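Assemble the whole structure, with the sequences as input and the hints as a guide.
Each chain is listed here by its residues.
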Amino acid sequence: MSFMQPIPVKYACSCGILNPINKLFFCRHCPKLRCGYCVCHEIESHFCSNCLENIPSSEARHKKNCCANCFDCPCCQHTLSARATTVAVVRKPDEAKDKEAQSGAGGESGSTTPLKPSSVPATKKMYYLSCLSCRWTTRDVGIPDQGVATGTWPDNECLYQLRFNSLLEYYQSVVLQEKQDRQEFLRRKSPKQHKFPSLTDRTGLTVSLIRRQIGWNEKTLPKSKPISISPTEATADVEQLPPDIFTEPLNLRQVTTIAQRLSQPRDQPTAVGNLYPQRRSLWIKRSLRCRQCEHNLIKPEFHPTSIKYRIQLFASHHVPEVVMVRCEQPLKSGQKNAIVVKITNPTMYDMTIRILDALPEEEEQLTTEMLQQACKIKEEAVTSSPLLRAAGITLTRQNSTREIKREVNELSNTLIEPLESEFVLSQRDDSKEFDEDIQARSEIEEPKFIVWRKGNKVLLRLQFTPEATSKISDEVVLSFYMQYTYVNTVANTTEKKEPTTQALYSRLFIQAGAIEKE
Amino acid sequence: MPLYETVMQEKPPIVLDIGHAYTKLGFAAETCPRKIIPTKLVLTTTGQSKRLFDYERNEELHDQMVDFLQMIFFKHLLVSPKERKFVILENVFGQTVIRETLARVLFVHFDVSSVLFVPSHLMALSTLAAPTAVVVDIGYNETSIMPIFSGVQIMTAFKDQSYGGRAIHEEIKRQLLREGIIEGDDVALLTEIVLEDIKIRTCFVTTFERAQARLNTDGEQPTPPPSVDYAICDSNKVIQIPGLLRETVYELMFEETRERDSLPHLILRSILDCTMDVRRALVEGIFLIGGGSMVMGLVARLKQELQHLLQHDEIYKDRFHGALEFKFFPSICKQNYSLWLGGSLCGATDLIQMRSLAKEAYLKNEHVPDWSNLCDNNRHAGS
Amino acid sequence: MPTENSIKIMPKAVVCEETNLRGDIIFSSGCVVHPSATIVAEAGPIIIGENCIIEEYATIAHRLIEGANWDSSNILSIGTHNVFEVGCTVEATKIGDKNVFESKSYVGPGVTVTSGCVVGAGIQMRTAQVMPENTIVYGKDALQREAIDKQGSQTLQIDFLRKVLPNYHHLRKPNYDPKKPRSVV
Numbered sequence: 001m002s003f004m005q006p007i008p009v010k011y012a013c014s015c016g017i018l019n020p021i022n023k024l025f026f027c028r029h030c031p032k033l034r035c036g037y038c039v040c041h042e043i044e045s046h047f048c049s050n051c052l053e054n055i056p057s058s059e060a061r062h063k064k065n066c067c068a069n070c071f072d073c074p075c076c077q078h079t080l081s082a083r084a085t086t087v088a089v090v091r092k093p094d095e096a097k098d099k100e101a102q103s104g105a106g107g108e109s110g111s112t113t114p115l116k117p118s119s120v121p122a123t124k125k126m127y128y129l130s131c132l133s134c135r136w137t138t139r140d141v142g143i144p145d146q147g148v149a150t151g152t153w154p155d156n157e158c159l160y161q162l163r164f165n166s167l168l169e170y171y172q173s174v175v176l177q178e179k180q181d182r183q184e185f186l187r188r189k190s191p192k193q194h195k196f197p198s199l200t201d202r203t204g205l206t207v208s209l210i211r212r213q214i215g216w217n218e219k220t221l222p223k224s225k226p227i228s229i230s231p232t233e234a235t236a237d238v239e240q241l242p243p244d245i246f247t248e249p250l251n252l253r254q255v256t257t258i259a260q261r262l263s264q265p266r267d268q269p270t271a272v273g274n275l276y277p278q279r280r281s282l283w284i285k286r287s288l289r290c291r292q293c294e295h296n297l298i299k300p301e302f303h304p305t306s307i308k309y310r311i312q313l314f315a316s317h318h319v320p321e322v323v324m325v326r327c328e329q330p331l332k333s334g335q336k337n338a339i340v341v342k343i344t345n346p347t348m349y350d351m352t353i354r355i356l357d358a359l360p361e362e363e364e365q366l367t368t369e370m371l372q373q374a375c376k377i378k379e380e381a382v383t384s385s386p387l388l389r390a391a392g393i394t395l396t397r398q399n400s401t402r403e404i405k406r407e408v409n410e411l412s413n414t415l416i417e418p419l420e421s422e423f424v425l426s427q428r429d430d431s432k433e434f435d436e437d438i439q440a441r442s443e444i445e446e447p448k449f450i451v452w453r454k455g456n457k458v459l460l461r462l463q464f465t466p467e468a469t470s471k472i473s474d475e476v477v478l479s480f481y482m483q484y485t486y487v488n489t490v491a492n493t494t495e496k497k498e499p500t501t502q503a504l505y506s507r508l509f510i511q512a513g514a515i516e517k518e
Numbered sequence: 001m002p003l004y005e006t007v008m009q010e011k012p013p014i015v016l017d018i019g020h021a022y023t024k025l026g027f028a029a030e031t032c033p034r035k036i037i038p039t040k041l042v043l044t045t046t047g048q049s050k051r052l053f054d055y056e057r058n059e060e061l062h063d064q065m066v067d068f069l070q071m072i073f074f075k076h077l078l079v080s081p082k083e084r085k086f087v088i089l090e091n092v093f094g095q096t097v098i099r100e101t102l103a104r105v106l107f108v109h110f111d112v113s114s115v116l117f118v119p120s121h122l123m124a125l126s127t128l129a130a131p132t133a134v135v136v137d138i139g140y141n142e143t144s145i146m147p148i149f150s151g152v153q154i155m156t157a158f159k160d161q162s163y164g165g166r167a168i169h170e171e172i173k174r175q176l177l178r179e180g181i182i183e184g185d186d187v188a189l190l191t192e193i194v195l196e197d198i199k200i201r202t203c204f205v206t207t208f209e210r211a212q213a214r215l216n217t218d219g220e221q222p223t224p225p226p227s228v229d230y231a232i233c234d235s236n237k238v239i240q241i242p243g244l245l246r247e248t249v250y251e252l253m254f255e256e257t258r259e260r261d262s263l264p265h266l267i268l269r270s271i272l273d274c275t276m277d278v279r280r281a282l283v284e285g286i287f288l289i290g291g292g293s294m295v296m297g298l299v300a301r302l303k304q305e306l307q308h309l310l311q312h313d314e315i316y317k318d319r320f321h322g323a324l325e326f327k328f329f330p331s332i333c334k335q336n337y338s339l340w341l342g343g344s345l346c347g348a349t350d351l352i353q354m355r356s357l358a359k360e361a362y363l364k365n366e367h368v369p370d371w372s373n374l375c376d377n378n379r380h381a382g383s
Numbered sequence: 001m002p003t004e005n006s007i008k009i010m011p012k013a014v015v016c017e018e019t020n021l022r023g024d025i026i027f028s029s030g031c032v033v034h035p036s037a038t039i040v041a042e043a044g045p046i047i048i049g050e051n052c053i054i055e056e057y058a059t060i061a062h063r064l065i066e067g068a069n070w071d072s073s074n075i076l077s078i079g080t081h082n083v084f085e086v087g088c089t090v091e092a093t094k095i096g097d098k099n100v101f102e103s104k105s106y107v108g109p110g111v112t113v114t115s116g117c118v119v120g121a122g123i124q125m126r127t128a129q130v131m132p133e134n135t136i137v138y139g140k141d142a143l144q145r146e147a148i149d150k151q152g153s154q155t156l157q158i159d160f161l162r163k164v165l166p167n168y169h170h171l172r173k174p175n176y177d178p179k180k181p182r183s184v185v
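Residue numbers (UniProt numbering), protein chains in the order written: chain A, 1 to 518; chain B, 1 to 383; chain C, 1 to 185.
If you're looking for bench data, these hints aren't it; they were derived computationally from the structure.
Predicted, not measured: the structure shown is a model, and the values here were computed from it.
Incorrect hints may have been included.
Straight-line Cα separation of at most 27 angstroms, DSS-like style, residue types lysine-lysine; simulated pairs [said to hold, decoys possible]:
1) K23/A x K50/B
2) K11/B x K23/A
3) K11/B x K285/A
4) K75/B x K50/B
5) K173/B x K64/A
6) K285/A x K64/A
Part of the chain B face toward chain A, derived, beta carbon under 8 angstroms [stated by the list, open to error]:
7) K40
8) F74
9) V79
10) E83
11) G184
12) A188
13) F204
14) A323
15) L351
Pair ranges (Cβ atoms, derived) [claimed, not checked]:
16) E314/B x I148/C: 29 to 39 angstroms
17) K12/C x K124/A: 27 to 37 angstroms
18) W371/B x E294/A: 30 to 40 angstroms
19) G152/C x R51/B: 50 to 60 angstroms
We put the CB at the ideal spot given by N, CA and C, even for glycine.
Printed below as a string of C-alpha cells:
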C-alpha cells in the first residue's frame, strides 16, 4: 500500500526517534520498541557478494577484507568476469625434448635451432578478465592472459614497504624508550613504601648493590636504544611541468577520473594504462543487539546464500500495525473531522487496545522518572564543555552498554479525541483469512467507533479537529497513544514460566495531509 | 621487542583522517588506507547525499556523524567499533565542536575503548623521519602552514588561508560563466563533482615565466594550451574548456594582493614568524601534503615564486640573509594520504596505550582535553 | 517519403515479417532483423551493411529535419557487423562498422558513430558529436573511454539466429540478388 512512498504513520521508538513500523524492532525482554539507531550493530559474518562464499573473519582480516577470487573493474568499479579464449600452443614436452636433443647434440650444428614445425599444435585455454559494463579487459593494460581461471593476477606492490617498515621500527623503539624512561622516572620519584622499614634503606645499601656484592647480575633490563634512521633528504630539484603540456592536445580518455584514482588508493594512477584489477571488497551480515538487555534482536542465518533469520524481532510481528485509510472530510482549519485507521493484530493472542490522548498519570510518572534518571546531569565538571549539553541528547548507563535517549520530537499539532472505551482485537488466524461468513462477532454489540471488523483487523473512526489557527497547506499531524496488551512468552525470571500479559504504550504520529483551501 | 609485539597481536587500531572533501580510513601499521571515500553521507530520511560538515544544529552534526561512521565501520572497514582503539588525525586549530562531537559519538554511541587525537601536521612529518620542516597542507577547505622544528610545532607561526580545492572549483565555475561557455540554466550542470573532474583531469599550475608574461598585459601573451572538449552529464552537453582556464585557475594561489597572503607569501611569513636560528632549516625543508598539492607543476612553480620573492621583495630581502635555496621533501606516498600514513605509524607504537583518551577518562567528565583549553593546561599552576 | 515502401533484402539476410519497415531500405546479406524491430527511412534511404543484428524493439530512424523533403541521395549508411540491442533507438547520421548499441540506449541525430564504438545500456547521446573510433560510453554519468582491445565478433550469434529464427517466425523473402541485378523476384 505504501510501497515506494513515504509512510504517513510513524511510531516513536523508545529512543525518541520517529520511524515507520517496518523500520522498527521490538525487544521482547525489555519490552520496548527499538530502531536501527539505538541498537548495537555487530558483524556476524563476512562474505563475498559476487561468489557468495563465506569467509571466516580471521581470513578476512588476513586478506584485508578482500575476496581472493573476485575482482572489480578499475575503470567503472563493476565486477570483472573471467573470459576464456583458446590459444594454440606448441606442446611443452616436445619443446623439452627438442631442448634435450639440442643439448645432447652439443654445439654440433645450428640447423636444429627452429622448433620442429611438425610438433603438433594443441589448444590451451587462457583466461583474461573483462568488464561487462565498460568492456575494460586485462589486455587493455597489457596483463598477460592466465592459464587458470582464478589466475594469479598481479597484486599491486607497495613501493615504499621497506621504508615504511624501517620507519615503523624506528618509531616503535623511540616510543619504547620514552616509556621506559618514564617508568624509570616514576620509580625514582616515588620510592615504594614498604610496610616494614627495610634495613637497606637505613644502611644505604641498595638492592642492586647487594645483588652485585652477591654476584648476581643486574636485574634491570638493559635500556633499549632507539634505532637510528636516515631522514628523508629535501631536494632542490623538483619535478618540472612536461614542456609539451602547452602544445599537445589533451586526450581526456587517457586521464583517469577521481573515482578511478581513489579506487587504487596506493598508486592513484593518472593514466588509464596504469589501472589494474582490484580485489573485490567483502560484505558483511549484521546482527543487532539491544543496548539495554543485550539480547539479540536480529541474527541472520550464517550462510551467505540464505536470507532467513535465526532471531528476528521485527516490530511488525509484535506491535499492532496502524495504517491510515482516509480522512472523512477534506481538512479544514478548525473543522471537526475524523480519520479512519486500520489496526491489525499480528500476534497469536487477543489484544485489548485503548486509544488515549495522553499517558495515564502513573505511567507518565514512570516514564518521566526514567527520563529524569537518564537525564540526571552529573556534577558539572568545570572542564566539561557546555557545547553538547544543548544538544539535548542524554545517556544512561546500563549494564556495560549505554542507552541513548532523547526527547520525542514533538511534531504533532492536533490531538485525537480519545476513545471512550477499550476494545478487543482478536488474534491472528491465517485460516480465517479465507472464511466467507463474518457473522462471528455480529451478535455482540460493537462500540460506535468501530467501522468494520474481520478477524484480526479492525477499522476505527477517530475524531479530531485541526487547529483553527493553522493555515492553508499546513501539514496536519495527529498524535495519540495506543495502549495494547501484549502477551510476553519469554520469561524474564526463571520462576515464571507462564506467559505474562503486559500493557504497553506506543506513541503514534499520523501525517493526515495538508489543510485544503476553503 | 616483545613489549610492542603484544600490541600488534590484538586488533590493530583504526586510523581515521576525516577531511572536508575526502576521508581516509584504514588500520594502523598498514602502508596505505583501505579506502579513500568522499566525506558524504546519504540521509536515511530523505535519501539525499550530503556533506558531513554541512549542518545547522549540533544535534544534526551528531546524527550525521553517527551515520557516517556507521557506514565506515560496516561498509568499508568491516569491523565492529566496540572495544576498539582509534587514532584520529585532527587539525590543531580545528573546531572544538567537531572534535567533541566525534569523541561523543565514538565513546557513547559506538562504545570504543580509546581515542588518540594526533595533530595532523606533525604526523605528516613523521612519514619522513625528519625533525624539521614547514608542513604545507593544501586541503579542500583551506591551506594551512605549520612550521615544525625538532618535532615541535611552532604554533605562533601557524598560517591558514581559504584557497583550497573549494576555491579552485569556484574559480573554474567563475571562468566558465565569464567566458559564456555555460549560460543560464546550465549552471546547474556544474556540480561539485563535475568541477572537481575538470580540475583533476585538465588543469595544472603553469610555469613562473608564463605567469609573469600574463601579468604583463601589454606584452605578448603566451599561447594558451589546447582547449579540451568535455562532455557533462549523459553527454547532453559538450563544453569546450578553454586552454586559458586550464592554465590559470591555480593562479589564485599565487595572486599578488596587498594583504600578502598568496601561498608563497604565506610560507615566507610563517618562516619569518619563527626565531632567526631555525629559519634556514625551515627554508631547506618544505613539505607539501594534501590532495591539492598533487596537481602538476605546483612544486616547481612554488619554488620559483619563493626564490623570486626572496631576491626581489624588499621585506624578505631585509630579513633573510645569505644564499638560501628552498628545498622540498619528496613524499614517500601520495600526498593526499600523508597525514593518514603518519597516523598509521603512530597507531603502531605504544603511544596508543600511553597517550590515548580512554573511555573511562572520557566518561568521567565527557570532555576531550584540548591544548587550547586552559582548564586542561593548568596542571602546573593548580596541582 | 515516397508513398511506397521499397525494401530490398539480399540473399542470406534473415528479416522477420513482423518488423515495422518504412521507406527505402536495403538489407545486405547476413543481416538478422528480429520481430518488432522498427526501421524508418523518412529523409532518405537506409543501407544496412552485412551481418548486422537488429534486435526486438530496436528503432533505427533516418528522420526528416523540419522543412526538408525526401531526398534519395541523403543516404544513411550503416556499416557491417553492428549490433542494435533490445529497445535501443538510433538516429545517428552515420554509422561505421562493428558498433554495439546496448539495450535502451539512445543516439540522437547529428551523432556520427565511427567504428568499434559501444554505447552502453541506457546511455543517452543527444548532442551532435563525432564519436572517435573505439569509443565506449558507459555508466550512469556516460563516461567515455577508449577500448584498446577489439570487440569480439558476433558470427556465432548470427549463425545461431539464422538457424533458429526461421523455425519460429515468418520471414520476408530475399527479393534482390546483386548477382542478377534485373531478376527481381
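Would you pick out the hints that fail for this structure and give their numbers low to high? 2, 5, 7, 10, 11, 12, 14, 16, 19
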